Amino acid sequence: MVVARANWKGFIKFGGVAVAVKLYTVASSSERIAFHTLNRVTGNRVRRVFVDSETGDPVEPEEQVKGYEVENGDFVVLEPEDVASAIPESDKTLKVEAFVPCNEIDDVYFDKPYYLAPDKMGADGFKLLRDGMRKGRVAALARTVLFRRLRTVLIRPHNNGLIGTTLNFDYEIRSSEEAFDQLPDLKIEGEMLELAKHIINTKKGSFDPKAFDDRYESAVAELVKAKIEGRALPKERAPSPSKPGDLLQALRESAALVSARKPKRSSQKTDDGASSRKAQRSSRSKRTA
Amino acid sequence: MALRPYWKGYLKLSLVTCPVQMTPATSESEKVRFHTLNRVTHNRVMSRYVDAVTGKEIEDEDAVKGYQKGEDDYVILEDEELENVALDNTKTIDIDVFAPSDSIEWIWLDTPYYLSPNEPVGEEAFSVIRDAMASEDMVGISRLVISRRERAVMLEPRGKGIVLWTLRYGDEVRDENAYFGGVDDSPSDPEVVLLVQQLIKKQTRHWDSKLVADPVQDKLLEIIEAKRKQTKRPAKTKEINPKPAPSNVINIMDALRKSVEGENRRGKR
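Read top to bottom, the protein sequences are chains A and B. Here the first sequence is numbered in this note's numbering, starting from 28 and rising by one per residue. Here the second sequence is numbered in this note's numbering, starting from 728 and rising by one per residue.
Treat the hints loosely; a few may be bogus.
Listed next, the in silico BS3-like pairs over lysine-lysine satisfying Cα-Cα at most 25 Å (straight line) [what the hints assert, rightly or not]: (1) K929/B - K40/A; (2) K162/A - K735/B; (3) K270/A - K224/A; (4) K230/A - K792/B; (5) K93/A - K946/B; (6) K40/A - K93/A; (7) K270/A - K937/B; (8) K162/A - K928/B; (9) K139/A - K224/A; (10) K237/A - K93/A; (11) K139/A - K49/A; (12) K818/B - K252/A; (13) K796/B - K254/A; (14) K735/B - K270/A; (15) K758/B - K937/B; (16) K252/A - K956/B; (17) K214/A - K735/B; (18) K36/A - K214/A; (19) K93/A - K49/A; (20) K956/B - K122/A; (21) K818/B - K254/A; (22) K93/A - K122/A; (23) K792/B - K254/A.
No wet-lab data here; the hints were simulated from the structure. Here the structure is a predicted model, which means the values were calculated and not measured.
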């Protein structure tokens with residue numbers, strides 16, 4: 028297998044030890060379906076141009092600068108070198124500033140993962156850091172300039188190697204406490220909880236990313252075909268929410284359903300057997316994907 | 728401040744259904760944001776669409792999505808039409824599979840969202856699903872169409888709510904063996920590992936969001952403030968004697984930060 032070129036080369040430094048490492052992108056995010064922007068009136072493709080908001084004249088890329096609005100309509104202009112001067116000099120070093128227990132890490136801060144592999148001569152120190160962290164069930168927090176931005180990187184052992192995940196800054200994340208603050212504090216106990224746990228256990232399985240396929244593109248192709256042929260596609264009907272009074276009944280019926288289907292489904296087909304009773308009764312428009 | 732939901736729909740477990748809403752965990756509101764200016768006039772630069780054939784500017788409402796059927800052959804698709812795409816999970820998160828909570832490697836986590844009940848009528852059903860997952864130490868796996876893609880998603884109970892992660896596609900994650908296969912697996916000297924463990928222990932701290940503070944943003948605000956003083960001209964203001972800016976740098980920083988927040992909030996286009 029051909030190994031991709033490293034996206035970054037540098038060092039991890041912990042307790043006076045510097046380990047030469049190479050960093051590689053883990054995930055490439057691919058745009059699946061590309062729509063083009065058209066002019067509805069003419070049906071032609073459109074281009075994007077940048078114009079001065081007052082004069083309407085086109086502004087070439089080299090004439091565009093960053094501006095920070097200090098008062099209404101009053102800007103401080105920042106040239107690229109001004110922005111660059113705020114970023115510390117890159118010393119190509121991921122300096123470990125602290126270790127944190129893995130089970131305390133708030134994963135909501137995660138940005139992008141990178142594989143970290145030892146560069147030549149770096150293997151001994153690399154393995155020590157990896158094995159030490161694994162034994163202590165901790166990950167390391169380091170800071171460095173990556174791709175011209177100062178980043179905090181969470182470094183953790185992963186099989187034979189290390190994974191470095193860039194983290195979002197505190198002000199880029201809303202905490203879950205804040206997000207869920209207004210929710211009522213309902214604790215579910217007794218029969219309802221037991222029934223729901225039973226349903227969950229009958230649906231026990233695993234996530235297999237390799238088996239997952241994005242069906243959106245083919246669904247859009249289907250939509251286009253229907254439009255050309257002048258057919259209407261069946262609309263998805265909003266399900267009716269379970270009313271609090273009916274919740275226990277819905278759980279009992281669900282539990283009875285899954286128990287009846289004891290031989291577990293082997294594949295992850297999304298068409299759900301659980302609602303098939305209802306579906307047969309109420310509509311014939313339900314689609315099997 | 729209540730955020731506008733990014734997505735609204737239903738959460739479903741077998742015959743139990745509740746209305747839910749979803750907001751991104753990431754937020755731009757406190758980030759220093761810049762506008763693009765024309766260097767010569769200092770006016771803002773705006774993006775406009777022009778017709779590729781006629782060269783004429785077009786109105787925003789005339790810009791529409793086109794699905795490419797062949798060379799120079801497009802079918803126009805309105806947003807409302809796209810919403811009718813025939814997938815059963817554009818409006819419903821039907822939890823189909825549950826997996827042990829530690830079985831999904833962090834590497835698959837893509838983007839986090841916060842999921843919560845959307846109407847009081849759904850609060851109890853939502854809590855049932857959340858608490859059952861929590862007490863079994865399981866996460867839910869489902870499918871959801873968002874941002875014009877069908878995504879695998881993971882639902883994880885968190886406090887009074889649920890964190891929903893989009894998961895990466897199988898073909899997006901590169902095979903680690905290409906990178907780690909060459910690392911020799913001979914064991915490290917146990918004595919030295921012990922030493923490393925001691926060092927690690929000394930430097931181990933509790934997780935705290937202060938660990939992900941950003942010194943660069945503060946520095947940027949300082950640079951902006953310095954430039955502002957330097958270039959202070961009575962340009963567009965009619966006031967001849969503007970109030971002297973307080974010399975206390977901390978106050979200025981606070982003021983700037985507040986203005987960032989205020990400005991970003993209304994700056995959403």
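* Below or equal to 25 Å on CA atoms is what counts here, so check K93/A against K49/A. => Outside the cut-off at roughly 33 Å; violated.
* **Pair hint outcome, K214/A versus K735/B [Cα-Cα no greater than 25 Å]** => holds, 24 Å
* **Pair hint K252/A and K956/B, alpha-carbon separation not exceeding 25 Å** => Outside the cut-off at roughly 61 Å; violated.
* Asked: Is the hinted pair K735/B and K270/A satisfied, with a Cα-Cα distance of at most 25 Å?
  -> holds, 18 Å
* Sort out whether K937/B lies within 25 Å of K758/B, counting only the CA atoms. => holds, 16 Å
* Asked: Between K796/B and K254/A, does the CA-CA distance stay at or below 25 Å?
  -> holds, 12 Å
* To do: Mind checking the alpha carbons of K270/A and K224/A for me, to see if they're no more than 25 Å apart?
  => holds, 20 Å
* Given the hint that K237/A pairs with K93/A, test it: the Cα-Cα distance must not exceed 25 Å. => The hint is violated at about 43 Å.
* Below or equal to 25 Å on CA atoms is what counts here, so check K230/A against K792/B. => violated, 39 Å
* To do: Take a quick look at whether K40/A and K93/A sit within 25 Å of each other, Cα to Cα.
  => violated, 35 Å
* To do: Quickly compare the C-alpha distance for K162/A and K735/B to 25 Å and report which way the hint goes.
  => Status violated; Cα separation ~43 Å.
* Pair hint K93/A and K946/B, alpha-carbon separation not exceeding 25 Å -> The given pair, whose Cα atoms are some 16 Å apart, holds under the 25 Å limit.
Violation of the numbered hints given earlier is confined to hints 2, 4, 6, 7, 9, 10, 16, 18, 19, 20, 22; the remaining hints are satisfied by the structure.
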